[in-house]
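2 protein chains.
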Amino acid sequence: MSETVRVTFVDHGAASKGSSVLATSGQTLLQAAHAAELDIVATCGGRGRCRSCRVKILKGDVPPPTVQDTVQLGHEAVRERFRLSCQTKLVADCTVLVAPPRAEVGHQILGAATRFLPDVGVPLDSGVEKHVVVARAPTEERHQTSDLDEVFSTLGDDLSRNVPLDVVRGLPSILRKQRGLITVTTFKNAIIDVEAGDTSRQKYGMAFDIGTTSIVGTLLDLDSGEQLAAVSDMNPQATYGGDLMSRIAFAQFDEKNLATLRARILNAINRFIAEACSQANVAPEHVYKIVIVGNTCMHHLFLGIDVSYLGLAPYAPVVRHPLVVSAKELPLKAAPNACVCFLPIIAGFVGADTIGAVLATRIDESEKIRLIVDIGTNTEVVMGSRDKLMACSAPAGPAFEGGQIKHGMRAAIGAIEAVAIDNDVRCKMIGDAPAIGICGSGLIDAVAKMLDAKILDSNGVLRREHRESLPPALRARLRDTENGPELVLVCSEQAGNGEDITITQADIRQLQLAKGAIYSAILMLQRVMGIVDDQIEELLLCGAFGNYVNINSGLRIRLLPPLPPKKITYAGNAAHLGAEMALLSESTRDRAYAIAQRIEHVGLAEHPDFQDLFVEALSL
Amino acid sequence: MSETVRVTFVDHGAASKGSSVLATSGQTLLQAAHAAELDIVATCGGRGRCRSCRVKILKGDVPPPTVQDTVQLGHEAVRERFRLSCQTKLVADCTVLVAPPRAEVGHQILGAATRFLPDVGVPLDSGVEKHVVVARAPTEERHQTSDLDEVFSTLGDDLSRNVPLDVVRGLPSILRKQRGLITVTTFKNAIIDVEAGDTSRQKYGMAFDIGTTSIVGTLLDLDSGEQLAAVSDMNPQATYGGDLMSRIAFAQFDEKNLATLRARILNAINRFIAEACSQANVAPEHVYKIVIVGNTCMHHLFLGIDVSYLGLAPYAPVVRHPLVVSAKELPLKAAPNACVCFLPIIAGFVGADTIGAVLATRIDESEKIRLIVDIGTNTEVVMGSRDKLMACSAPAGPAFEGGQIKHGMRAAIGAIEAVAIDNDVRCKMIGDAPAIGICGSGLIDAVAKMLDAKILDSNGVLRREHRESLPPALRARLRDTENGPELVLVCSEQAGNGEDITITQADIRQLQLAKGAIYSAILMLQRVMGIVDDQIEELLLCGAFGNYVNINSGLRIRLLPPLPPKKITYAGNAAHLGAEMALLSESTRDRAYAIAQRIEHVGLAEHPDFQDLFVEALSL
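Protein chains in written order, with the numbering used here: chain A, 1 to 620; chain B, 1 to 620.
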């Protein structure tokens with residue numbers, strides 16, 4: 001029989017005394033934490049496949065370690081009462097230390113620099129218009145009329161007569177406040193708001209990119225295109241799995257879990273709206289249009305659409321059309337009838353974010369062949385020109401975000417982001433803080449330098465035979481463990497968390513799988529379209545991670561095709577920029593629809609050549 | 001300081017022991033009853049102007065009678081501890097008897113006879129269509145698609161791509177249930193539902209007439225036009241006032257009261273939908289279209305639209321357009337995206353019900369002049385032909401429904417509905433039960449017969465000078481009281497409630513005001529349009545009350561213009577029939593819009609001739 005047990009969670013180094021919750025014996029520690037709304041990150045979705053959810057049992061009975069505990073944490077840590085919280089079933093009252101030294105502070109999220117979007121050549125035709133008119137309340141002289149008739153009589157005849165009920169409800173008092181001076185807000189031919197007085201200058205919109213890992217949002221003035229505020233944070237769904245497949249598995253055939261994920265993202269977006277509006281001193285009721293991009297899974301989860309079949313072959317989305325929903329229907333806390341526009345979707349794993357990136361980079365208008373690589377846990381690749389566009393996706397996995405890498409972490413303060421190897425190893429950390437782990441760009445840089453230093457061969461094997469010829473300091477950093485060889489990047493004395501920071505043989509395998517997935521996707525599009533490297537005019541690196549990759553290191557490890565470095569450009573958060581462009585411009589939003597209908601999707605897994613290409617792409 | 005007091009309400013003759021509620025001293029008994037959700041009818045809206053809310057204090061301190069108590073109930077009743085519950089402020093614990101002998105059982109509401117509407121010549125083009133198609137879930141072969149794409153690929157290209165979110169959410173499971181066999185329901189060019197399997201035969205709609213006093217609803221098969229169920233009941237808002245002005249006064253500038261009235265009507269309509277569907281063994285989810293008519297006030301209250309200014313000159317509505325709202329938005333418990341269509345409104349007191357009556361009687365297509373008289377607490381009159389249509393409204397008040405008539409009651413069992421006077425007075429009661437009061441048609445008949453018997457003169461004065469020449473039995477029935485003369489129709493020994501049932505001089509004045517209002521409205525339209533009696537081809541009596549009026553008596557008391565009786569027709573519940581026609585036929589619903597734009601409204605009160613006409617119309 002299950003019993004009630006008390007679990008006390010203590011934050012590492014936190015001032016707080018920890019929070020105590022009641023749970024049921026047999027539950028895992030992770031479940032108990034989530035039930036109590038305590039965020040423990042479970043990058044692999046609680047399947048014992050990564051170390052992100054590890055905790056230390058400070059007091060109370062420690063259940064025996066599982067195989068996953070030992071594999072992920074090693075014998076020593078297990079002896080020191082470290083456990084994976086997803087694998088640890090509660091047996092008795094206990095106190096656990098969460099957020100081990102890996103706590104990620106100041107995670108870099110690629111936001112959007114403040115700029116005027118018209119600079120990038122977007123017409124300002126947001127579709128939102130404000131009309132300041134005087135619409136007097138009906139009087140004795142004009143008796144066969146209504147409040148709404150009086151409003152319409154001041155406006156053009158091409159407006160839809162079906163006005164939202166809440167707008168109608170507000171009319172009587174609004175018309176009688178400022179002698180009939182009102183501001184009518186329209187989106188295309190529909191009235192979406194009526195306010196007392198002249199509010200014509202308050203016309204705002206927001207653009208969001210909802211990524212698997214992080215969310216970026218900006219508040220724009222729809223008249224000038226000026227960016228008034230930018231907000232970004234981690235996607236709060238991450239506690240339920242770091243990659244798309246974990247997120248899907250959690251929600252699959254489980255309406256309650258789907259609702260949980262939906263609530264998390266909805267609350268986050270509402271918090272962002274409030275935050276951005278507060279930064280810019282804008283009333284959320286004056287946000288009339290919101291454009292949202294995101295991969296197909298994030299899109300569906302946000303809308304509460306079942307993702308069960310998105311996780312099963314042929315990975316088809318439920319809807320690809322560019323949906324438009326009113327804010328009150330979701331509900332988002334903006335103007336109640338604000339139009340929330342979702343850009344269209346191409347396929348199950350090539351979503352609205354890719355459409356955003358195409359909009360921003362304009363490769364659909366390009367004369368020459370260009371290539372977008374939007375690196376993330378799911379990486380999308382689009383290749384082509386105004387004549388033809390093809391896209392595919394590669395499940396790169398969370399390695400570039402620190403997932404399933406022994407000392408992996410996100411690009412936060414204390415993460416190794418660059419590595420130099422000569423007689424010894426020198427590392428550069430984000431924020432110049434003591435090292436506590438290594439992030440994706442650091443990993444790529446480290447592996448590139450290890451190749452140059454001949455510590456590593458092109459098959460990704462940490463070489464033992466040449467060790468004797470290495471400089472002594474370097475040689476000392478290479479060591480063998482029960483799980484194979486590893487290179488010590490920062491030794492425990494210098495590290496911020498008192499642990500040796502290493503790159504293991506297994507880490508290099510994970511990196512190879514990730515970069516192999518991406519490069520094989522590029523190779524596949526080249527093969528299907530018959531495009532050789534020389535024909536590629538430009539390669540655009542997009543996305544949060546892509547923009548921090550050292551291009552030379554990326555080329556060195558064969559993450560990218562062998563192009564001259566000058567042909568490779570950082571394109572920033574192109575998906576989000578595309579969302580901003582569609583926010584400011586209905587003609588651009590129309591272009592998004594046209595692009596979605598044009599792009600041909602190539603399914604990697606079902607292509608007969610894929611296995612060969614993947615093997616070719618694995619080598620360094 | 002206010003104290004808590006306990007009030008026990010006991011039903012007259014009810015088996016139950018009564019319910020006990022806590023109230024605050026200083027509250028009125030009526031307020032205490034409403035707070036406890038006990039329905040005490042307050043026809044005048046709790047202003048002490050009628051007797052409908054009277055109660056008898058059985059136990060506890062009786063507060064001293066107010067002027068209104070004495071005027072409405074008389075000295076004797078007040079001595080017997082009768083009080084108006086709207087005037088009685090609580091002072092201490094008490095037990096009160098509610099629903100005095102006037103309890104109205106089996107009230108006649110004019111429903112709609114079972115019939116096939118196509119018989120009255122309505123095209124069957126409801127706008128709702130069901131398409132049975134096979135839309136397979138995406139497979140490996142067709143990978144660049146979505147569930148929704150697969151649905152669209154089986155349907156025509158003219159459908160809107162913006163599908164309601166709840167429909168999209170349901171697609172994944174529906175498409176995978178019966179090998180892709182689905183039924184797609186559309187309203188005009190919009191998808192409103194998708195179901196698994198073939199449900200093409202389940203296509204229903206409902207038509208409602210929301211009157212001030214009663215509500216009538218029918219369930220129709222949209223394919224055949226057959227009426228499958230009919231429901232009707234009192235409007236549950238009546239406890240907050242019997243006529244429009246009382247209802248408006250209650251909700252005026254008080255959002256909470258507006259919400260109360262809205263909730264009452266919404267709950268009633270939802271109950272009716274459930275009841276009708278249960279009668280016909282139909283699932284409410286298969287009700288896809290609902291057409292609603294009602295006067296402007298009922299229309300606004302149902303939609304939660306502020307009626308504050310509807311009660312103030314120039315009595316303008318907030319909206320006159322034919323609104324279409326989804327069921328889930330209101331919310332009505334039908335198909336979530338069922339289209340709830342409100343017919344348009346002409347003016348503040350000539351509403352969608354009048355449009356319904358015009359649709360049903362087709363006077364907008366008539367070659368000759370015809371006249372609609374829809375009698376109710378607010379009476380609407382429409383006159384004209386296909387060349388010109390004019391309308392006006394007359395506040396007849398609740399006299400015809402028993403309001404403000406000493407022994408008045410609604411047309412329920414025990415109500416006097418016809419009267420014969422020769423040597424004595426003989427009365428016919430509804431249900432042939434012992435008399436407990438007199439209803440509107442009985443009142444008109446009684447007054448007509450009193451005129452014939454020369455008891456009454458054409459000025460409405462109960463004559464004293466000729467009494468000596470009357471037969472003795474009749475003479476005995478005429479008596480003088482402290483409040484003036486009255487005629488005893490049924491004496492206490494024969495009455496069902498042990499009281500003499502009388503018609504008082506004051507009752508006759510009320511009748512004159514009511515019928516004068518109606519006849520003056522007709523005279524006004526005749527004057528404005530220059531139409532003499534002979535030009536009127538037909539007078540159509542509509543509405544719950546109009547259909548029970550004895551035509552000869554109506555002519556005798558000058559309720560109606562002096563036309564040959566054969567020109568006067570009972571048109572049934574024409575407003576509701578019009579709603580049914582618009583339900584079955586979109587072209588008819590379009591006609592409603594055209595009619596609303598054509599009809600000219602004449603405001604009675606502001607017309608300079610009105611006073612003269614009203615005085616002329618008062619005489620009998």
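If you are wondering where the hints come from, they were derived from the structure by calculation, not from laboratory data.
From a predicted model like this one, the values you see are computed outputs, not experimental measurements.
Check before you lean on any hint, since a few could be wrong.
What the simulated footprint calls covered on chain A by chain B, stretch by stretch (three residues with Cβ under 8 angstroms from a Cβ of chain B suffice, anywhere in the stretch; the number is not a length) [unchecked claim]:
{"hint": "1", "stretch": "161-174"}
{"hint": "2", "stretch": "336-348"}
Using 30 angstroms as the maximum straight-line C-alpha spacing, the simulated DSBU-like pairs for lysine-lysine come out as follows [stated by the list, open to error]:
{"hint": "3", "chain 1": "A", "residue 1": "K328", "chain 2": "B", "residue 2": "K388"}
{"hint": "4", "chain 1": "B", "residue 1": "K567", "chain 2": "A", "residue 2": "K256"}
{"hint": "5", "chain 1": "A", "residue 1": "K333", "chain 2": "B", "residue 2": "K428"}
{"hint": "6", "chain 1": "B", "residue 1": "K89", "chain 2": "A", "residue 2": "K256"}
{"hint": "7", "chain 1": "A", "residue 1": "K333", "chain 2": "A", "residue 2": "K177"}
{"hint": "8", "chain 1": "B", "residue 1": "K256", "chain 2": "A", "residue 2": "K333"}
{"hint": "9", "chain 1": "B", "residue 1": "K89", "chain 2": "B", "residue 2": "K256"}
{"hint": "10", "chain 1": "A", "residue 1": "K388", "chain 2": "A", "residue 2": "K130"}
{"hint": "11", "chain 1": "A", "residue 1": "K567", "chain 2": "A", "residue 2": "K428"}
{"hint": "12", "chain 1": "A", "residue 1": "K56", "chain 2": "A", "residue 2": "K428"}
{"hint": "13", "chain 1": "B", "residue 1": "K388", "chain 2": "B", "residue 2": "K368"}
{"hint": "14", "chain 1": "B", "residue 1": "K333", "chain 2": "A", "residue 2": "K328"}
{"hint": "15", "chain 1": "B", "residue 1": "K328", "chain 2": "B", "residue 2": "K177"}
{"hint": "16", "chain 1": "A", "residue 1": "K566", "chain 2": "A", "residue 2": "K388"}
{"hint": "17", "chain 1": "B", "residue 1": "K428", "chain 2": "B", "residue 2": "K567"}
{"hint": "18", "chain 1": "B", "residue 1": "K89", "chain 2": "A", "residue 2": "K328"}
{"hint": "19", "chain 1": "B", "residue 1": "K428", "chain 2": "B", "residue 2": "K328"}
{"hint": "20", "chain 1": "A", "residue 1": "K328", "chain 2": "A", "residue 2": "K177"}
{"hint": "21", "chain 1": "A", "residue 1": "K454", "chain 2": "A", "residue 2": "K333"}
{"hint": "22", "chain 1": "A", "residue 1": "K130", "chain 2": "A", "residue 2": "K89"}
{"hint": "23", "chain 1": "A", "residue 1": "K368", "chain 2": "A", "residue 2": "K566"}
{"hint": "24", "chain 1": "B", "residue 1": "K130", "chain 2": "B", "residue 2": "K388"}
{"hint": "25", "chain 1": "A", "residue 1": "K188", "chain 2": "B", "residue 2": "K56"}
{"hint": "26", "chain 1": "B", "residue 1": "K368", "chain 2": "A", "residue 2": "K328"}
{"hint": "27", "chain 1": "A", "residue 1": "K188", "chain 2": "A", "residue 2": "K328"}
{"hint": "28", "chain 1": "B", "residue 1": "K256", "chain 2": "B", "residue 2": "K388"}
{"hint": "29", "chain 1": "A", "residue 1": "K177", "chain 2": "B", "residue 2": "K188"}
{"hint": "30", "chain 1": "A", "residue 1": "K368", "chain 2": "A", "residue 2": "K328"}
{"hint": "31", "chain 1": "B", "residue 1": "K567", "chain 2": "A", "residue 2": "K333"}
{"hint": "32", "chain 1": "B", "residue 1": "K56", "chain 2": "B", "residue 2": "K130"}
{"hint": "33", "chain 1": "B", "residue 1": "K388", "chain 2": "A", "residue 2": "K256"}
{"hint": "34", "chain 1": "B", "residue 1": "K89", "chain 2": "A", "residue 2": "K188"}
{"hint": "35", "chain 1": "B", "residue 1": "K256", "chain 2": "B", "residue 2": "K368"}
{"hint": "36", "chain 1": "B", "residue 1": "K388", "chain 2": "B", "residue 2": "K177"}
{"hint": "37", "chain 1": "A", "residue 1": "K328", "chain 2": "A", "residue 2": "K130"}
{"hint": "38", "chain 1": "A", "residue 1": "K567", "chain 2": "A", "residue 2": "K454"}
{"hint": "39", "chain 1": "B", "residue 1": "K177", "chain 2": "B", "residue 2": "K130"}
{"hint": "40", "chain 1": "A", "residue 1": "K333", "chain 2": "A", "residue 2": "K368"}
We put the CB at the ideal spot given by N, CA and C, even for glycine.
Evaluation of the provided hints:
Taking a C-beta to C-beta cut-off of 8 angstroms, the stretch 161-174 of chain A contributes 9 residues in contact with chain B, enough for the three needed, and the coverage statement holds. Counting residues of the stretch 336-348 of chain A whose beta carbon lies closer than 8 angstroms to any beta carbon of chain B gives 3, which meets the minimum of three for the stated coverage. For the hint linking A:K328 to B:K388, the alpha-carbon distance of about 44 angstroms lies beyond 30 angstroms, and the restraint is violated. Distance restraint check for B:K567 and A:K256: the Cα-Cα separation of roughly 67 angstroms exceeds the 30 angstroms cut-off, and the hinted pair is therefore not satisfied.
Restraint check: the Cα-Cα separation between A:K333 and B:K428 comes to about 63 angstroms, which exceeds 30 angstroms; the hinted pair is violated. Taking the CA atoms of B:K89 and A:K256, the gap is about 52 angstroms. The hint is violated against a cut of 30 angstroms. Taking the CA atoms of A:K333 and A:K177, the gap is near 25 angstroms; set against the 30 angstroms cutoff, the hint holds. Taking the CA atoms of B:K256 and A:K333, the gap is about 24 angstroms. The hint holds against a cut of 30 angstroms.
Our distance criterion of 30 angstroms between C-alpha atoms is met by B:K89 and B:K256, whose separation comes to about 22 angstroms. Straight-line distance between C-alpha atoms of A:K388 and A:K130 comes to about 39 angstroms, which puts the hinted pair past the 30 angstroms bound. The hinted pair formed by A:K567 and A:K428 meets the criterion: a straight-line CA distance of about 27 angstroms does not exceed 30 angstroms. A threshold of 30 angstroms between alpha carbons decides the hint, and for A:K56 with A:K428 the separation of about 29 angstroms falls inside it, so the pair holds.
Restraint check for B:K388 and B:K368: the C-alpha separation of about 11 angstroms stays at or below 30 angstroms, so the hint holds. Restraint check: the Cα-Cα separation between B:K333 and A:K328 comes to about 20 angstroms, which is no more than 30 angstroms; the hinted pair holds. A threshold of 30 angstroms between alpha carbons decides the hint, and for B:K328 with B:K177 the separation of about 25 angstroms falls inside it, so the pair holds. For a cut-off of 30 angstroms, the pair hint linking A:K566 to A:K388 stands: about 24 angstroms separates their Cα positions.
A hinted pair counts as satisfied when its Cα atoms are at most 30 angstroms apart, and B:K428 with B:K567 qualifies at roughly 27 angstroms. Under the criterion of a C-alpha separation no larger than 30 angstroms, the hint pairing B:K89 with A:K328 is inconsistent with the structure, at around 44 angstroms. Taking the CA atoms of B:K428 and B:K328, the gap is about 48 angstroms. The hint is violated against a cut of 30 angstroms. Of the pairs offered as hints, the one joining A:K328 and A:K177 holds, with about 25 angstroms between alpha carbons and a cut-off of 30 angstroms not exceeded.
Proposed proximity of A:K454 and A:K333 is contradicted: the alpha carbons are some 56 angstroms apart, above 30 angstroms. With a C-alpha separation of about 59 angstroms, the suggested pair A:K130 and A:K89 falls outside the 30 angstroms cut-off, and the hint is violated. A threshold of 30 angstroms between alpha carbons decides the hint, and for A:K368 with A:K566 the separation of about 16 angstroms falls inside it, so the pair holds. For the hint linking B:K130 to B:K388, the alpha-carbon distance of about 39 angstroms lies beyond 30 angstroms, and the restraint is violated.
Among the hinted pairs, A:K188 with B:K56 is inconsistent with the structure: their alpha-carbon atoms are about 62 angstroms apart, more than 30 angstroms. Pair hint B:K368 plus A:K328 does not hold up; C-alpha atoms about 51 angstroms apart against a cutoff of 30 angstroms. For the hint pairing A:K188 with A:K328, the CA-to-CA distance comes to about 18 angstroms; that is within 30 angstroms, so the pair holds. Restraint check for B:K256 and B:K388: the C-alpha separation of about 42 angstroms exceeds 30 angstroms, so the hint is violated.
Our distance criterion of 30 angstroms between C-alpha atoms is broken by A:K177 and B:K188, whose separation comes to about 39 angstroms. At most 30 angstroms may separate the alpha-carbon atoms for a hinted pair to count; A:K368 and A:K328 exceed this at roughly 44 angstroms. As the CA atoms of B:K567 and A:K333 are separated by approximately 61 angstroms, the hinted pair breaks the 30 angstroms bound. For the hint pairing B:K56 with B:K130, the CA-to-CA distance comes to about 58 angstroms; that exceeds 30 angstroms, so the pair is violated.
For a cut-off of 30 angstroms, the pair hint linking B:K388 to A:K256 is broken: about 61 angstroms separates their Cα positions. Of the supplied pair hints, the one linking B:K89 and A:K188 is violated, its CA atoms being roughly 57 angstroms apart against a limit of 30 angstroms. Restraint check for B:K256 and B:K368: the C-alpha separation of about 48 angstroms exceeds 30 angstroms, so the hint is violated. The suggested pairing of B:K388 with B:K177 is violated, with an alpha-carbon distance near 57 angstroms, which exceeds 30 angstroms.
For the proposed pair A:K328 and A:K130, the alpha carbon gap of about 20 angstroms is at most 30 angstroms, so the pair holds. For the given pair, A:K567 sits about 28 angstroms from A:K454 by alpha-carbon distance, which is consistent with the 30 angstroms threshold. A threshold of 30 angstroms between alpha carbons decides the hint, and for B:K177 with B:K130 the separation of about 18 angstroms falls inside it, so the pair holds. Pair hint A:K333 plus A:K368 does not hold up; C-alpha atoms about 43 angstroms apart against a cutoff of 30 angstroms.
Of the numbered hints listed earlier, those contradicted by the structure are 3, 4, 5, 6, 10, 18, 19, 21, 22, 24, 25, 26, 28, 29, 30, 31, 32, 33, 34, 35, 36, 40.
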